[in-house]
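Residues per chain are reported as follows:
There are 2 protein chains.
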Amino acid sequence: MPSGEIPPIVIQRLPLYLRALSGLESEGEITSQELGRRVGISSAQIRKDLSYFGGFGKQGAGYEVGRLREKLRQILKVDREWEVVVVGVGALGHAIARYAGFNNRGFRVVAAFDKDPRVIGERVGEVVVQDVAHMVNVIKRLKAKVAIVAVPTSQAQEVADALVRAGVRAILNYAPTNLNVPDGVRVRHIDPVAGLQSMTYYLDSE
Amino acid sequence: MPSGEIPPIVIQRLPLYLRALSGLESEGEITSQELGRRVGISSAQIRKDLSYFGGFGKQGAGYEVGRLREKLRQILKVDREWEVVVVGVGALGHAIARYAGFNNRGFRVVAAFDKDPRVIGERVGEVVVQDVAHMVNVIKRLKAKVAIVAVPTSQAQEVADALVRAGVRAILNYAPTNLNVPDGVRVRHIDPVAGLQSMTYYLDSE
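These protein sequence lines map, in sequence, to chains A and B. For what it's worth, this note's numbering labels the leading residue of the first sequence as 1, then goes sequentially. For what it's worth, this note's numbering labels the leading residue of the second sequence as 1001, then goes sequentially.
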């Protein structure tokens, strides 16, 4: 089935299923009910989502954990390692560039950029921070397609424009602002405040 | 309309609409098409989502930016300021505790906890890091309902259990693992890898 036919919301749930399978024994089975409990999504929705990708499990039986994990990794194309560049190495960018959670989940930080001379040249995690002035050329040379933006809101669009010029096709944006990008480039937001706001709706004020 | 009747996915989209309105002139209007373009959601979906909350706009006309923003802030209960505690003050927790983006969006970090003696006592942003051994008592005294978890995966469940005991009802979890919490407690995940994985699906490998 061509990618275009699968609803984007389905694709966005697949990483949650994959995450929920981590830490489980590869040899075991998991029912859609148990998987649903772990991710907070109904078992019917999970079965429907997975049905887009063909035969995962036997009717009425659970999913084989190891097989489902491998299939999800293949579908999401994280059965390989994507090179990621980080732009903006303030407090947040430091934490991102050093984040151990990328390992084994499909990503590796291969470059980091900032415009602050106090940060340029610093070793952060596996990389040395480079001058953002060289960013487009470096990314073109690396052929990196994935970037993480952790600059202040006021600079986020300008950075995104440069990343697109450099050939980046997937941007994870930590700045709490929407980015305009051309067709064929995808943006996801990491916005803790949006996450918090979607919970306070349910809280009683005291 | 009681909260229970509105689909959770609708509530999760409201913060995105609110974010998209930031930076726009309060006096102006915005069409659902333009709002949709900014958030990457269809205008029909936006009108349907907002219709759960009654009359926002005149038929066929745009939404008043200032009025829509205020209504969304009221619905999400971020027309007030929620006190937030941060647990885990490693590289990521430092960035969170110092994050300026909470201001004016409904949240203020009022306490931070860690178990590392090298971090306890350190001033981070507006707070001084406290020993996690005192966490439950401090949170009870503060009556804080909102927490951010930035501890390693192996400690996340234990911390969540303690937060629930302390009366926390909303947990933003940065550890890439699912948390078991009782009914009435909500969890949202901040998982950059899940965000990246939902984009690599669309990328061609080269």
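Honestly, the hints are just simulated from the structure, not real lab data. Among these hints, one or two may not hold up.
[Said to hold, decoys possible] Sample of chain A residues at the chain B side, in silico, Cβ under 10 Å:
no. : residue
1   : GLN12
2   : ALA20
3   : PHE56
4   : ALA61
5   : TYR99
6   : VAL128
7   : GLN130
8   : HIS134
Note that beta-carbon positions come from the ideal geometry of N, C-alpha and C, so glycine has one too.
Results for each hint:
A least Cβ separation of about 5 Å between GLN12 of chain A and chain B falls short of the 10 Å threshold, and the interface hint therefore holds. The criterion of a C-beta within 10 Å of any C-beta in chain B is met by ALA20 of chain A, whose closest approach is roughly 6 Å, and the hint holds. About 17 Å separates the beta-carbon of PHE56 of chain A from the nearest beta-carbon of chain B, more than 10 Å, and the hint is not met. With 10 Å as the threshold, the beta carbon of ALA61 of chain A stays out of range of chain B, its nearest partner Cβ sitting at about 23 Å, so the hint is violated.
Hint on TYR99 of chain A holds. Least Cβ distance to chain B is approximately 7 Å, under the 10 Å limit. Nearest Cβ of chain B to the Cβ of VAL128 of chain A: about 17 Å, over the 10 Å cut. The hint is violated. For the restraint placing GLN130 of chain A at the interface with chain B, the shortest Cβ-Cβ distance is roughly 20 Å, beyond the 10 Å limit, so the hint is violated. For HIS134 of chain A, the suggested interface contact is broken, since its CB lies about 22 Å from the closest CB of chain B, more than 10 Å.
Figure legend: structure checked against the earlier numbered hints; hints not met, in rising order: 3, 4, 6, 7, 8.
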